[in-house]
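Here are the chains, one letter per residue:
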Amino acid sequence: MEEILEILEKNSKVTAAEIAVMLGKSVEEVTEAIKKYEAENVIVGYSTLVNWDKTEREKVTALIEVKVTPQRGLGFDKIADRIYKYPEVTACYLMSGGFDLTVIIEGKTMKEVALFVSEKLAPLESVLSCATHFVLKKYKDKGTIFEEKPIDRREPIFI
Amino acid sequence: MIMKDMILDRIKNVPPSGIRKYFDLINEMKDVISLGVGEPDFVTPWNIREAGIYSLENGHTQYSSNAGFIELREEISKYLQRKFSLEYNPVDEILVTVGGSEGIDAALRALVGPGDEVIIPEPSFVAYKGCTGFTGATAVTIPLKQENEFKLTAEELENAITDRTKVVIIPFPNNPTGAIMTREDLYELVKVLKDKNIVVLSDEIYCELTYEGGHTSIASFPEMKEQTVVINGFSKSFAMTGWRLGYACGHRDLIGEMKKIHQYGIMCAPTTAQDAAIEALQNSDDDVAMMAKEYNRRRRVMVDGFQKAGYSSFEPKGAFYVFPNIKSSGLSSDEFCERLLIEQKVLVVPGTAFGECGEGYVRACYASSMENIIEAMKRIRTFTDSLG
Chain A
0 MEEILEILEK
10 NSKVTAAEIA
20 VMLGKSVEEV
30 TEAIKKYEAE
40 NVIVGYSTLV
50 NWDKTEREKV
60 TALIEVKVTP
70 QRGLGFDKIA
80 DRIYKYPEVT
90 ACYLMSGGFD
100 LTVIIEGKTM
110 KEVALFVSEK
120 LAPLESVLSC
130 ATHFVLKKYK
140 DKGTIFEEKP
150 IDRREPIFI
Chain B
0 MIMKDMILDR
10 IKNVPPSGIR
20 KYFDLINEMK
30 DVISLGVGEP
40 DFVTPWNIRE
50 AGIYSLENGH
60 TQYSSNAGFI
70 ELREEISKYL
80 QRKFSLEYNP
90 VDEILVTVGG
100 SEGIDAALRA
110 LVGPGDEVII
120 PEPSFVAYKG
130 CTGFTGATAV
140 TIPLKQENEF
150 KLTAEELENA
160 ITDRTKVVII
170 PFPNNPTGAI
180 MTREDLYELV
190 KVLKDKNIVV
200 LSDEIYCELT
210 YEGGHTSIAS
220 FPEMKEQTVV
230 INGFSKSFAM
240 TGWRLGYACG
250 HRDLIGEMKK
260 IHQYGIMCAP
270 TTAQDAAIEA
280 LQNSDDDVAM
290 MAKEYNRRRR
300 VMVDGFQKAG
310 YSSFEPKGAF
320 YVFPNIKSSG
330 LSSDEFCERL
340 LIEQKVLVVP
350 GTAFGECGEG
360 YVRACYASSM
370 ENIIEAMKRI
380 RTFTDSLG
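Taken in sequence, the protein lines are chains A and B. Going by numbering that gives the first Met the number 0, the residue at position 91 of the first sequence is 90; the numbering climbs one at a time, nothing skipped. Going by numbering that gives the first Met the number 0, the residue at position 109 of the second sequence is 108; the numbering climbs one at a time, nothing skipped.
Hints are computed from structural coordinates only; laboratory data are not their basis. Values in this document were obtained by computation on a predicted structure and should not be read as measured data. There's no promise every hint is true.
[As the list claims (entries may be wrong)] Computed footprint of chain B on chain A; a stretch qualifies when at least three of its residues, placed anywhere within it, have a C-beta under 8 Å from a C-beta of chain B:
no.: 1; stretch: 19 to 26
no.: 2; stretch: 81 to 95
[Stated by the list, open to error] List of simulated lysine-lysine pairs, PhoX-like, C-alpha gap at most 25 Å:
no.: 3; chain 1: B; residue 1: 165; chain 2: A; residue 2: 9
no.: 4; chain 1: B; residue 1: 3; chain 2: A; residue 2: 12
no.: 5; chain 1: B; residue 1: 377; chain 2: A; residue 2: 9
no.: 6; chain 1: A; residue 1: 9; chain 2: A; residue 2: 24
Built from N, CA and C at the ideal position, the CB exists for glycine as well.
Extracted from the complex, chain A is given alone in its bound form (with noise of 0.2 Å):
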């Protein structure tokens, strides 16, 4: 049955009827599956990929490195979770290597991420300190090219 998170992973508008078909499965069987993976939240939640860039509104992505302190007793979870709650934060991955936290911010412009840097990220206890990175461009996301429409080139031929 992963299969269908695989399919969905891919392109959450795919029905349950249209999986069922895909592998030779019962509409209920699927149906129950999803169900099934939604309440114990392997299924988080759906959204859809957009291009903002390609759109009037602004928007500006940053990824910022920190270093924090971990707590006794609680390591690095609690910090995370007071930065993750913030709205603007759209990821928090906690890293190996030469930082702590990789958060991803997004914001309206680049003054709104830099204020909420300078004034909610930084001041935090815990945090030593946070190297600001701005995304110029962003060419594939989530597994999907954004530039790129694909074009069937195959000639028509046939054997």
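Based on the hints, put chain B in the right spot on chain A.
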């Protein structure tokens, strides 16, 4: 001089492949969904393309040895062993060809001539009959039946064999029916063929696209290995049609003679493609599996679509074609295809393109995006409803 009269009859007698009228029509139409093309819609996996680019960057632009790079032949040997338990010596039992098609042509040219018979189960890939015709040998066709799931039965084979039979073509997984032959099915043929002076040409180009039970090669029966030539290639399994790369494996005496034909006619398969193919065999199992999985989903959607439209379609278990029976429409294969194209802008290929016994069937290829397939199946239903 009248040029036409200069040309050999046996060449002129072979009809050209393809049904031009559909493709002429398609060029004038917009928004046509083509389920007519017989090649993957996937682009070659990036690591393979990158290996091709790297080969060019390194200036690897010279001929390879006639049989192909030994590194590639070694990889082919390992791959066939790993996947299908076939053992071929890379030194003299493997020939790298320009697509599987060249292997078919070279094998037939090495084996048959006027007076010989080649048994060809139909419906099947058009080149078997064409290449047989070029040699002057006679094609003896066996019309395969839907009630047998378009498999070749021992009885059908036995009835077709005569004193003049020299080659039997075993084309599974099959284009256009999608039929496969399991190990048990093949064993029945082995009983008929072993100890006979008949060479088996086993075209296994769709081997990776077997959706139930995995592919079995007839050459994996020890008693058949010597008398079988296996044709395979990169086009379908690795989505590399345009690279033109295939291979033939068999008895060293046959491969040696085929190599001469290849040497004088072709010299060697393209070097860039050979370098890319080494990468394909070494590092692309995941991509191959991913593509096969995706085809399998589309296969189920298409079979379901034809059934819902009211056409009995036996379940194809290989390749990337569905071959529904459209007799209930009251139309011939040709009429069905032409009207479906004009009225609903969906292109499928008449079964008759693959042999006369394909009348009453059409071939629809599911190497197309899921969206296209779902939309095409809707249109086919609308078309069918309009027939009343």
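* Asked: Holds or violated: are the alpha carbons of residue 165 of chain B and residue 9 of chain A at most 25 Å from each other?
  -> With Cα atoms ~51 Å apart, residue 165 of chain B and residue 9 of chain A exceed 25 Å; violated.
* Between residue 3 of chain B and residue 12 of chain A, is the straight-line Cα distance small enough, at 25 Å or below? -> Given that 25 Å is the threshold and the Cα spacing comes to 59 Å, the pair is violated.
* Taken at face value, is the distance from the CA of residue 9 of chain A to the CA of residue 377 of chain B at most 25 Å? -> holds (23 Å)
* Asked: Quick check: the stretch 19 to 26 of chain A, covered by chain B? Criterion 3+ residues, Cβ under 8 Å.
  -> holds (count 4)
* Asked: Per the coverage rule (Cβ-Cβ under 8 Å, at least three residues), is the stretch 81 to 95 of chain A covered by chain B?
  -> violated (count 0)
* Given the proposed pairing of residue 9 of chain A with residue 24 of chain A, does the C-alpha separation stay at or below 25 Å? -> Distance of about 19 Å is within 25 Å: holds.
Checked against the numbered hints given earlier, the structure breaks hints 2, 3 and 4 and satisfies all the rest.
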